[in-house]
Structures are given as structure tokens and as C-alpha cells.
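So the sequence lines, in the order shown, correspond to chains V and U. Start counting the first sequence at 9; every next residue gets the next number (the working numbering). Start counting the second sequence at -11; every next residue gets the next number (the working numbering).
I should point out that these hints are in silico values taken from the structure, not numbers from a laboratory. Quick caveat, the model's predicted, so the values are computed rather than measured. Keep in mind that the hints are not guaranteed to be accurate.
What the hints assert, rightly or not - With a straight-line Cα cutoff of 20 Å, these simulated DMTMM-like cross-link-like pairs (lysine to aspartate or glutamate) come out:
hint: 1; chain 1: V; residue 1: Lys31; chain 2: U; residue 2: Asp38
hint: 2; chain 1: V; residue 1: Lys108; chain 2: V; residue 2: Asp98
hint: 3; chain 1: V; residue 1: Lys31; chain 2: V; residue 2: Asp20
hint: 4; chain 1: V; residue 1: Lys108; chain 2: U; residue 2: Asp38
hint: 5; chain 1: V; residue 1: Lys108; chain 2: U; residue 2: Asp32
hint: 6; chain 1: V; residue 1: Lys149; chain 2: U; residue 2: Asp38
hint: 7; chain 1: V; residue 1: Lys149; chain 2: V; residue 2: Glu160
hint: 8; chain 1: V; residue 1: Lys149; chain 2: V; residue 2: Glu91
hint: 9; chain 1: V; residue 1: Lys182; chain 2: U; residue 2: Asp38
hint: 10; chain 1: V; residue 1: Lys243; chain 2: V; residue 2: Glu295
hint: 11; chain 1: V; residue 1: Lys108; chain 2: V; residue 2: Asp55
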Amino acid sequence: MTPRTPIQVISDWPGSGDRGEHKVPTTLLYHASGMLSSWGFLCTGDDDGTKTRREFFKIFLEAGTLADAQAQGISSAPSSTLEAQRFATDYLSHVYAHVKESIERETGRRNLPGGWAGLAVEFVFSVPTTWTSLGVVNTFKTVIRSAGFGVEGPRHSAEVDLTEAEAAAVATLKTSAVVFDMGSLFLTVDAGGGTADLALMQVTSADQQVPQMKSLNPVTGVGIGATMIDRMFMKMVEARVNAYPTIAAALPPDYPARLARSHQFRTFKHMFGERAYMQPVFRIPMEGVAHDFSHPGLGIENGRMVFSMCVPCPPSRCRGLTYLDG
Amino acid sequence: MGAPNHRFSQLPPPLRELPLHQHIPFSIPLQAHKMNGDATAQPDIVVAIDFGTTYTGESPTLYPDHR
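Next up, chain V with everything else stripped away, as it sits in the complex (with noise of 0.2 Å):
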């Protein structure tokens, strides 16, 4: 048996360039053709105008999502959930392969016929906590099948198990700073991009190397995560463009969405609460933006657009707190 190593986390993600991201973007960019051109962090710089950008993808697996996108008249939804399941598998056949060259790199079977095919590899998958029909957890399966996850080798698997929720619950009893002990109960909060979830759960053992725990109440998901930040920060860059039409006709019509991907951006978002970030103001490199541009309306200086970290709220919305604004 290999002996066990500790946890490595795949950082070298193609296009990501020396950054080690942990997370690769669930994106992929297609030609018109409907072949795929790139995906995850090779789709920077691949968006040529020409093509057609999927994204969030996974959660259009379920009818139901699907249908609630559509109804609301989401250009970028998927046609059906037969499209997204292609999106998904296409993705997903991507990651495989880079995890795949990762793992036999690192293992020192590249180079050596059939590479890591004859390994017990155990693939496992966690689900949406909103996921709640077996369906759409069968329809998973198949796409990670599909995608190479399992069917390699003889002694290859691939699981769907945990809900994320319940992944996440096991990650704080496994890895937290905090000592559990017989009894304990913990909550967590596994606040992500599209999804929130709960899980509420009681300590059973203790044991340091096989703790155990229960769920005390059905673990729940809601529909709140991160991406709204980066749709109320589009909302806000849209709003300076337009006010000035002449600007607006010179950017690309994608320009606020360009902003919430850049580097910076995310920086920003991800860091925001740091004490080293939290300045009075932020400024947004605009790529394609002139270094010497300035527009006091825009808000744009030298090439970079200005934020400010909060401002009062309006009386009629005040509840003790701020909220960002231009």
C-alpha cells in the first residue's frame, strides 16, 4: 500500500501562470461551430468577441434551476439540460486530463505505459446541498463517467457521496483549531459561490483519528453566495458607463463582466477584511484603458477605476451598516 501522504491540492492549473490557484474557473469558451476553443484560465485572453462563454453550467444539470433561468430570460442558460450536461462533461473531460497529467507526473508514471491505469484511484465527488431529486444525482454521474472520472483503469472508481454541506461539516471536525469533544455541536456555514449551506451537527466521537459526528436537522442550502457580489459590482460599473454614452460606445459591451474577472477585482473580494486591503479606496486596472486616461465622471484615474469602500446607507435602508458603492 502507498503509504499515505498529505492532502496536495492540484495549483498549477493551465493559463493560471505562476499564481497557484487553488480554483480553476468553471468556464469554457466555444467556437460558433459549437467546438470547444478553451476552458477554465485559458479562456483569458481566448475571448476574441467571436465566441460564446459558458459558465455555471452545473447547476442547469437540474430541470427545475434550468426552467427558473429561463424563465428570467438568462441569455447564457443553457438550451436544456442535455446541453448542460455536454457543457459539464466537456469541462469536467478537462479537468481529468490535467489531474490525470498532474497526478502521473508527480507519481513518476508519465512516461511509463498504461501511466497511472494500473492504481486504485478513488474519484469522489460532493453535491449541491440543493440537489434533492436522485435524478439529477444520477444524471451527475453519467456526466463524470463521461468525462473519464472512474473508467480508466480496472481498479479506477468514481463516487458521488457527502452533500457539500455535509463535506464541509467534516472539514471542521477534521481540521479545526477548536477541540470537539463527546457532544459538541457545530454549525457551519459554508458560504461559496452560487450556494450558502448549513449543517448543523453533534460530535459522537471524538476519536482523533476516526471522529464521528450526526446531523441534527436536514442540511440545507440557499441560493446566496459570492457571484451576487460580483453582479451587484457589474451592476454599479454599468451604471458609470452608461451615463456617459460616448465612453459606453468605445468599450466592449461585456466591459463591466471583463471588470468582475479581472485579477484585481477578485483580489479585492477575496482579500476584502484583510487589514492590509481594507483602503479607503480601490482602483481596477481597465485593461484596454489608455494609463494616462482620466475621466473624473467615470470615476476613472490613470487608467484605473476608482471605487470607494463604502458610504452611509440611505436612511430609509440604514440599519447600522454601509454598503459599497461607487
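Following the hints, complete the assembly by docking chain U onto the known chain V.
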């Protein structure tokens, strides 16, 4: 190894049919060490995939009813 402690009956009905392990199988970030006591059954490699939502763009209000 103790008895399973997940209360399957408290999960939403469809999820009871998922192949949940007897023992807590995951560590994190996200899920990686199998905690099965039978060492001979250990896989050589466990790959955990957190297929989440990293998205920026036209964003729908996807779960308005908290379903």
C-alpha cells in the same frame, strides 16, 4: 469501528439512496483521506473534486425560494 452515525433518515428522502459511507470518509480541503479501517482496501490515490461555482457574468437569482 463504530456503527454509522449519519442519520440517513434525517436527510432529504432522495439522498438516503446515495451511497453514503459508514464512516466519515472525508477530510478537507474538500475530501481526501479515506478513514476506512481496512488498510488492504485503501486505494493508492484518492482524488477529491470540489466542482463548485466560480462564476462571473449574467447571474440569475437561482434559488429564490430556498428550495
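So, going through the hints one by one against the coordinates:
1. V/Lys31 / U/Asp38: holds (9 Å)
2. V/Lys108 / V/Asp98: The given pair, whose Cα atoms are some 16 Å apart, holds under the 20 Å limit.
3. V/Lys31 / V/Asp20: Cα-Cα ~10 Å, so holds.
4. V/Lys108 / U/Asp38: With a Cα-Cα distance of about 16 Å, the restraint between V/Lys108 and U/Asp38 holds, given a limit of 20 Å.
5. V/Lys108 / U/Asp32: Holds: V/Lys108 and U/Asp32 sit about 14 Å apart, inside 20 Å.
6. V/Lys149 / U/Asp38: Holds, at about 14 Å.
7. V/Lys149 / V/Glu160: holds (15 Å)
8. V/Lys149 / V/Glu91: holds (16 Å)
9. V/Lys182 / U/Asp38: holds (17 Å)
10. V/Lys243 / V/Glu295: holds (18 Å)
11. V/Lys108 / V/Asp55: Violated - the C-alpha atoms of V/Asp55 and V/Lys108 are around 27 Å apart, more than 20 Å.
Hint compliance for this structure: hint 11 alone is broken.
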